[in-house]
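J.: When you get a sec, could you build the whole thing from the sequences and use the hints?
Protein chains: 2
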Amino acid sequence: MPVYRAPVENVLFLLQDVLGFERYAHLPGFEDASPDMLSAILEEGGRICEDILLPLNMSGDREGCRRAPDGTVTAPKGFKAAYDAFAQGGWIGLAAPAEYGGQGLPYTLAAAINEFATSANMAFSLYPGLTRGAQAALIEHASEEQKALYLPKMISGEWAGTMNLTEPHCGTDLGLIKSRAVRKADGSFTITGQKIFISAGEHDLASNIIHLVLARIEGAPAGTKGISLFIVPKYLPDGQGNAGARNGVSCGSIEHKMGIHGNATCVMNYDDATGWLVGEENRGLNAMFVMMNEARLGVAVQGLSMSEIAYQNAVAYARERLQGRALTGAKATDKPADPIIVHPDVRRMLLEMRAFNEPARALILWAALQSDIAHRSPDADERLAADDALSLLIPVLKGVLTDVGFDNTVKAQQVFGGHGYVGEWGMEQYVRDARIAMIYEGANGIQALDLVGRKLPKDNGRAVMAWFKQVGQAIKEAEGEAELAPLASGLKGGFDHLQKATMWLMQNALAKPDNAGAASNDYMHLFGLVALGHMWLAIAKAALARKHADASQAAEMDAKLIAGRFYMERIMPEAGARYARIATGAETIMAMPAEAF
Amino acid sequence: MPVYRAPVENVLFLLQDVLGFERYAHLPGFEDASPDMLSAILEEGGRICEDILLPLNMSGDREGCRRAPDGTVTAPKGFKAAYDAFAQGGWIGLAAPAEYGGQGLPYTLAAAINEFATSANMAFSLYPGLTRGAQAALIEHASEEQKALYLPKMISGEWAGTMNLTEPHCGTDLGLIKSRAVRKADGSFTITGQKIFISAGEHDLASNIIHLVLARIEGAPAGTKGISLFIVPKYLPDGQGNAGARNGVSCGSIEHKMGIHGNATCVMNYDDATGWLVGEENRGLNAMFVMMNEARLGVAVQGLSMSEIAYQNAVAYARERLQGRALTGAKATDKPADPIIVHPDVRRMLLEMRAFNEPARALILWAALQSDIAHRSPDADERLAADDALSLLIPVLKGVLTDVGFDNTVKAQQVFGGHGYVGEWGMEQYVRDARIAMIYEGANGIQALDLVGRKLPKDNGRAVMAWFKQVGQAIKEAEGEAELAPLASGLKGGFDHLQKATMWLMQNALAKPDNAGAASNDYMHLFGLVALGHMWLAIAKAALARKHADASQAAEMDAKLIAGRFYMERIMPEAGARYARIATGAETIMAMPAEAF
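Taken in order, these protein sequences are the chains called A and B. FYI, the numbering for the first sequence is 62 to 658, going by this note's numbering. FYI, the numbering for the second sequence is 62 to 658, going by this note's numbering.
I should point out that these hints are in silico values taken from the structure, not numbers from a laboratory. A couple of the hints might just be wrong.
Any copy will do: because identical chains look the same in the list, a pair fits if it lies in one copy or spans two.
[Claimed, not checked] With a straight-line cut-off of 30 Å between C-alpha atoms, the simulated DSBU-like cross-links for lysine-lysine are:
hint	residue 1	residue 2
1	K561	K519
2	K245	K208
3	K608	K138
4	K392	K573
5	K472	K573
6	K392	K245
7	K396	K239
8	K138	K396
9	K239	K286
10	K519	K537
11	K141	K561
12	K141	K519
Only a predicted model underlies this, so the values are computations on that prediction, with no experimental measurement involved.
T.: Set out below in structure tokens:
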């Protein structure tokens, strides 16, 4: 049985010591997030994930979802009761507006709880996750009437939600969408078409499912400018706002996937279904883009979540598994062999995970805080700066955290040897589950293109210049402090490469866009190396302060400092290789004729 | 349905143009391997893999193996007929000695066919693979009587074989083995114990299964020096050499694994089973080590095989899937979108695989050729040099080819987007299947330790110095040729780092073994980068010669040269990062207290 302890203390340390959470007490919702309250909510959230979601993770994977011939889908055993408990605890609507029944707490807090829930049971956490995504779109774009009708039931968890974008012939390229919408006399629409890869598309956890569907109104312009967003409920609301007659939407089949078996990934068929336009006609993609930051941040969290639980289990195993002797002579002389944690290469694998997880968590919380500021600050400049920073970093977080998170699950599995390959210990499930996060919500190659093609040049580079300035200042300040100087020097090495790479893109990608495409993946990862390193500097600074203030915490803080040093010594050197690749340009990549591959 | 074409032409090019196969016509078995014969055998071998093994790959994965309550195991549908065809075609005994019914052909040829079979169906290919492994141990260590009794039936495929090493509490550390052997009056032994993770431990493909089992004879010394090797047949041979009475060995359960579902991974219970000692008492580990080179090379092949079939399918998909437009403007203007192979980042992923597969194949064939030379050359110096080179490179091939091969299956899956995550296209199976190769036959961390701890210092570095000399000479020769100089320069960059890293190990690892352990993984991968780069130089040289000799092959040869350039520009830069990590030493890694992870 896999182990998992929600990293509550680490979240509190990052929020309070590293990110200065208390500075935002003036924002709406933050006034209820006093240190005591914060701690209590995180503890309680961690507990439900450990006690209720975790025990269903392996069984959910093995059982999977079942579709009956009538198109209904049953989630794995125990999921319904867990969903009810999760909903009743108020966890789905933690950060949702109080006027619709939410708790109105900071989104930052919801992001932390989301990490715990995903570690404990990624397949499960997608159900409330998709509902929250649909909520977010409605909050931004729906009419007051639509909000009043749908939001309270979705926030309470009584109704669930989904996002329907992909079709068989189009995933990334939504301009190719074929699903059709025909206007009816009463202002509603008839929706026809097929959607695929719809997570949580059909299930038995909620009494109704509110599908948000992209479709093309007849006569709309071709391409992305002719796509509209519709609400298509599984059961049509009756006059009283309750689920009424069945709508013409059904699950045609569920996919057999590599992982996240506990979540139903559906082919959804819309046969003359009734739908209602959300927001403006032909502006459906826009409506999607607005909520993309949070959706992508949610997927970035999955990378961290899988890395964290995989790490915790690998550490536990490495402490217990006896095999071989330390290279420097036997350590556990009373035992037939030493625990494998004595071996440098096992420690290397563990430290690679550890040195990622903490700054990745810091980045997630930082990004969620930017989202809170961007939505809730009374100061327009502050809102703009937060939105700039968040938009810039979102593709980095989504792409890098899911890539590295997946790699870390593979590493954690390796610590188990053959026992990692069999189902018994649960390690191979993390690998299979984590893999999807690199693909959905914009495959990581798309994130990289979003970064180099849109986010960097946006507003003449305003966001990237502001962020670079922050990183540069942090380095400068740390260089003067003896205990931080080695970390600052490591970060500076990576940052220099990032700046050179950015300059290279400015000089070489405008005239030759293929140079941007060929550099994009390495640039995104180089950016991620520096962003994580930047967080390490902040973490180390806070750790030193705590250590000096309270000697009883010295051992715990020293462990952070060791992990930070490891990051600079052994992870940051990748920056040089990333830069070297970027600077070779696109020539060789484009030289190969398509038929010669 | 996945596509696969056995890379017969490439094997011929590598054998003939790059490795100078014809120079070895004087070795036994090679005289039958004329160019025409070589080509005919490879074509025929490729065909059986494409036509018979490939169609059973996905179905075998979905169906898996089934164990009946009586302990018998049924392989997936179609496997038995395929096994019969494979055996009857003589493919199991292709390189086995003619005196026992084998074809006595070069092992190099068998390695090439093994690549094809593994690409087509990795789970299937383990059945003959394990049989060949057991054969090899018997050929080296069994008595003449044992050889005469077992080998002909194993070479013909009538009987299968297995290797039984691992026990629940010991995988890497075989000194902990508990299985017991008690000598009986007739010279045979009673074997008792439990073995786990036994590939092909029980199945219905052959009429008998010959288990080779490591166990401890009562009174034997503790640790690795008290382990002996035994033959334990499923059915005891009767007086006529046929399968007779059932022996006390049975399959207790089969594992639920991440992949290779078509192969039965068994818990094997030995309850007073009858066994016969192979070779000398207490020298069982030695007997295993002798055959380890070929077994590990066989696993290295799996890394290449999975990368190759994943690549072929990713290329096919990237040419057909229409999504988005080229960054430089629409290419397929008659279609709603361009094929995704126009995108630089898709090409990057494809080229990363391509730039690995060809030199990896060259290394495999080179290593197999060294094995042939080491076993068959009449010249003692030549045998020694070949054995030195093979032993040195084996951990590099096993560790690097399976690590990179796995990464490549992940990349190929990424090219498919969401379609790579569902079972339909077969891409996720390659990821799941390829994963085991990093673990079994010595986890890759063990390979890295074998390289730095045993192979490097062996005979005062004789092997590594000889190999470095070869690489250095190849660089020097190529530097003088204009068309090769850029590749030589790329290789030189990596080679310089490898030499510096080797020097660093000599200076820092003797006094502090943890420095060797902490460096081992990076050192192994750095070695692999240079070894693959070395092969690229040889491939490029041969490609230029062909191109200049025959203009009709220019396009094909140019594609090789582009892939080689890509390797040096975009893969070799990793060498710098690997060296930087090595040179940081073990201090930080060892500083973290075990309880602080």
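J.: Decide, hint by hint, whether the structure agrees.
T.: Hint check results:
no. : hint        : verdict
1   : K561 - K519 : within (19 Å within a copy, 44 Å between copies)
2   : K245 - K208 : within (21 Å within a copy, 83 Å between copies)
3   : K608 - K138 : neither (47 Å within a copy, 63 Å between copies)
4   : K392 - K573 : between (59 Å within a copy, 16 Å between copies)
5   : K472 - K573 : between (38 Å within a copy, 25 Å between copies)
6   : K392 - K245 : neither (77 Å within a copy, 39 Å between copies)
7   : K396 - K239 : between (66 Å within a copy, 15 Å between copies)
8   : K138 - K396 : neither (42 Å within a copy, 46 Å between copies)
9   : K239 - K286 : within (13 Å within a copy, 70 Å between copies)
10  : K519 - K537 : within (27 Å within a copy, 48 Å between copies)
11  : K141 - K561 : neither (52 Å within a copy, 59 Å between copies)
12  : K141 - K519 : neither (44 Å within a copy, 61 Å between copies)
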